[in-house]
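Colleague: Below, each chain spelled out in residue letters.
Protein chains: 2
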Amino acid sequence: MRISQLAATTDVPVATIKFYLREHLLHEGVLTSPTQAQYDESHVRRLQLVRALLGPGGLTVAAARDLLQHIDHPPESQHDLLGIAHHAVHRPVPEDLDLGAAEKLIRRWDWQIDERDRDTPAALADALRGIANADFTLPEGALDRYARVMAEAAEAEIADLPTESAEAAVRYVVLGTVLVEPLLLALRRLAQQDASSRRFASAEEAAD
Amino acid sequence: MRISQLAATTDVPVATIKFYLREHLLHEGVLTSPTQAQYDESHVRRLQLVRALLGPGGLTVAAARDLLQHIDHPPESQHDLLGIAHHAVHRPVPEDLDLGAAEKLIRRWDWQIDERDRDTPAALADALRGIANADFTLPEGALDRYARVMAEAAEAEIADLPTESAEAAVRYVVLGTVLVEPLLLALRRLAQQDASSRRFASAEEAAD
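Chains A and B, in that order, are what the protein sequence lines are. The letter at position 107 of the first sequence is residue 107 when you use this note's numbering, and the numbering goes up by one with no holes. Numbers in this note's numbering are just positions in the second sequence, counted from 1, shifted up by 1000.
I should point out that these hints are in silico values taken from the structure, not numbers from a laboratory. Treat the hints with care, as some may be off.
To be verified - Here are some of the chain B residues that sit facing chain A, going by a computed Cβ distance under 10 Å:
hint, residue
1, Leu-1097
2, Thr-1120
3, Asp-1160
4, Arg-1199
To be verified - Computed footprint of chain A on chain B; a stretch qualifies when at least three of its residues, placed anywhere within it, have a C-beta under 8 Å from a C-beta of chain A:
hint, stretch
5, 1018-1029
6, 1038-1050
7, 1062-1070
8, 1079-1089
9, 1129-1137
10, 1147-1158
Backbone N, C-alpha and C fix where the C-beta goes; we use that ideal spot for every residue, glycine too.
Generate the whole structure from the sequences, applying the supplied hints.
Modeller: The structure is reproduced here in structure tokens:
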């Protein structure tokens, strides 16, 4: 198909497709004349992926490009996939961040974290610092409970990791990390509203 | 204390404090001369809160100002607090977003969601659309499992809601929503690494 048809199929404007081509987020089509290229189903799939990473995934163009290279050339170890996916979605944290409290929790839960990975403990440390800086105290037991429910979700996620190809596994890990995060947060808010409605709305009605 | 001392105490630069004052994120001090004001402990606490909302919370100045007004003038209903907090942290979604799939799930789980709240179902719809657009299929049963673990967390969160004052409740809901989100995501990634390490690292060692 021509670029105009690719645009119509994917609902991505031609100018955006050209930008993705220039930024090497999308592979070139096959030239059929000096000014015309043919695109195929692989371009449709890649465009959907790029849109997902840059849109809901919230990745920068550079992070998306880096990640796509790993999808095209997957690492040998299944376990390394996670590190790559997590690195891509990692938000920078302050240089002077103290990882002490985060590392202590990781030890308490006996979680096996790759020593080379500083990003993910740093994300926990940054979240804890945000809470402490706001002078916000989590209710007793809340942290362990959060760890427990996230471990329950993570256990199933890793058990579901596709093993038929490294490409499928990378895709699952990357998209599962990036795209499921907004899903979890939306579910949490809805579940809170449900719990609040059950607890307070009925009490308020009873008080009327 | 003077503004310079407030800056030293909170580790917030004087220029930033002046910006917060101009933007009505921080209440004025008491003027002791035409060019000098005195600040107190209430300014220290508010500054910590503002930093948390704008930093880890990721709120815009306008959203933070709106939210602080609700903290200063809390609504009468406990249940309304959640809506206000969720509205503040809500990211805009496309106007033409189809809520059908999200509403269907909410009915399936029998979650009680306030009909006036379009934001939170829209956040779920947006997350689902991001997943669908990326041509990413969640493993069978994953969605129900995510809903279940988030419901477990939410149930405890609402049970822990402070009832001694509306101010405390708003603070808990707002900060609990905004500050716990990065915590949950960091915990999920760490728990995934732990699950992946237990599943694959041992298998890879055994294969050596």
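Colleague: Broken hints, numbered, in rising order?
Modeller: 1, 5 and 7
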